[in-house]
Each structure stands twice: as C-alpha cells, then as structure tokens.
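With my numbering as the guide, the letters of the sequence shown map in order to residues 1 to 144.
Please keep in mind that the hints were generated in silico from the structure rather than gathered at the bench.
These numbers come from a predicted model, not from an experiment.
For every residue, glycine included, the Cβ atom is placed at its ideal position computed from N, Cα and C.
Incorrect hints may have been included.
Now the in silico label distances, taken between C-beta atoms and shown as ranges [stated by the list, open to error]:
id	residue 1	residue 2	range
1	64	17	34 to 40 Å
2	88	48	32 to 38 Å
3	143	77	33 to 39 Å
4	7	76	27 to 33 Å
5	121	101	26 to 32 Å
6	119	37	18 to 24 Å
Each computed EDC-like pair below joins lysine to aspartate or glutamate, with the alpha-carbon atoms no more than 16 Å apart [claimed, not checked]:
id	residue 1	residue 2
7	118	5
8	31	138
9	18	109
10	113	93
11	113	127
12	113	3
13	18	76
14	44	65
15	118	92
16	118	3
17	51	76
18	116	93
19	18	104
20	46	65
21	51	21
22	118	93
23	46	76
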Amino acid sequence: MKELELTVSRTIAASRQKVFDAWLSPVTLAKFMAPPFGSSQPSKVKNDPVKGGRFSIVMVTPEKEIPHAGTYLAIDPHSHLSFTWESPYSLDDSVVTIDLATVDAGTTEITLKQVKFKTEEARQGHEQGWTAILNLLETSLAAA
Numbered sequence: 001m002k003e004l005e006l007t008v009s010r011t012i013a014a015s016r017q018k019v020f021d022a023w024l025s026p027v028t029l030a031k032f033m034a035p036p037f038g039s040s041q042p043s044k045v046k047n048d049p050v051k052g053g054r055f056s057i058v059m060v061t062p063e064k065e066i067p068h069a070g071t072y073l074a075i076d077p078h079s080h081l082s083f084t085w086e087s088p089y090s091l092d093d094s095v096v097t098i099d100l101a102t103v104d105a106g107t108t109e110i111t112l113k114q115v116k117f118k119t120e121e122a123r124q125g126h127e128q129g130w131t132a133i134l135n136l137l138e139t140s141l142a143a144a
C-alpha cells in the first residue's frame, strides 16, 4: 500500500533567512500556524527549536482548540527543516519537511512535504491547511 503524502509549494516575497526564522519563532508561528478556515486569535505556541527539541501549537477556533505537537528532526539554517507532526488527523509517525530555495535576494521558494495520514480525507484536509498556513506566512512576513 502506498503511503498517503502531500506536497505544497509556494513562492514568497521574503529572503530565505526571514522565511526560515519565521518557522522557529514562537511569536511568528502563532500568527501563521492557524486553521484553514480562519481564527480571530493567534495560536498558542511553545517550542525548543533545536534538533530533538519539542514544539506545541494549539490552533484556536471559536468552537474548539486543535492541538499539534512534534519533535524537530533536522534544522539546517536557512535551507531545511524536518519535524514529526502529531495532530488529530495524521498518523503518529507523520513527518513534515520544509525546503527553502532562493529565487532571488528577496524571494524564496518553499516546498513543504508531509507523509503519513490516516485517510485520504485527512490528507486533503492537511493540504488545505498547509496551503492556508503558507498564505498566512506570506501575509505575516509582508507585514513584518
């Protein structure tokens, strides 16, 4: 059986360093790690951004809080992140990788890949979620 996986790519008008740093800053993460259907409140974020460190992201909606957590597997400054992704809709050993490539001095290509989902519906939901998160990341970085 083929594992369910997804890939989402996006070009963002920000330097690779700025994009990379956003993924490790709890203040910035709280702004863009949000549910795809929007939230009026920032997420609650705690992280220890070192290899083997843990993070916790609680997305807040009007109806409920959605917990996410994981462990940093790789942190290669300004180019690559990898972490486990523990969410209600992905498998326990799901992994997210983020690769960053410079398009030019002020533009970065992000490729986000996640593997291992419980169902095709869960995969599709995460694809919508990551797409919305990358949109919010771009908005957050433009406002910074």
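Now the hints, each set against the structure:
no.: 1; hint: 64 / 17: 34 to 40 Å; result: 35 Å, holds
no.: 2; hint: 88 / 48: 32 to 38 Å; result: 22 Å, violated
no.: 3; hint: 143 / 77: 33 to 39 Å; result: 24 Å, violated
no.: 4; hint: 7 / 76: 27 to 33 Å; result: 19 Å, violated
no.: 5; hint: 121 / 101: 26 to 32 Å; result: 31 Å, holds
no.: 6; hint: 119 / 37: 18 to 24 Å; result: 19 Å, holds
no.: 7; hint: 118 / 5; result: 10 Å, holds
no.: 8; hint: 31 / 138; result: 11 Å, holds
no.: 9; hint: 18 / 109; result: 12 Å, holds
no.: 10; hint: 113 / 93; result: 14 Å, holds
no.: 11; hint: 113 / 127; result: 10 Å, holds
no.: 12; hint: 113 / 3; result: 13 Å, holds
no.: 13; hint: 18 / 76; result: 14 Å, holds
no.: 14; hint: 44 / 65; result: 10 Å, holds
no.: 15; hint: 118 / 92; result: 9 Å, holds
no.: 16; hint: 118 / 3; result: 10 Å, holds
no.: 17; hint: 51 / 76; result: 10 Å, holds
no.: 18; hint: 116 / 93; result: 7 Å, holds
no.: 19; hint: 18 / 104; result: 13 Å, holds
no.: 20; hint: 46 / 65; result: 15 Å, holds
no.: 21; hint: 51 / 21; result: 15 Å, holds
no.: 22; hint: 118 / 93; result: 11 Å, holds
no.: 23; hint: 46 / 76; result: 20 Å, violated
Hints 2, 3, 4 and 23 from the earlier list are contradicted by this structure; the remaining hints agree with it.
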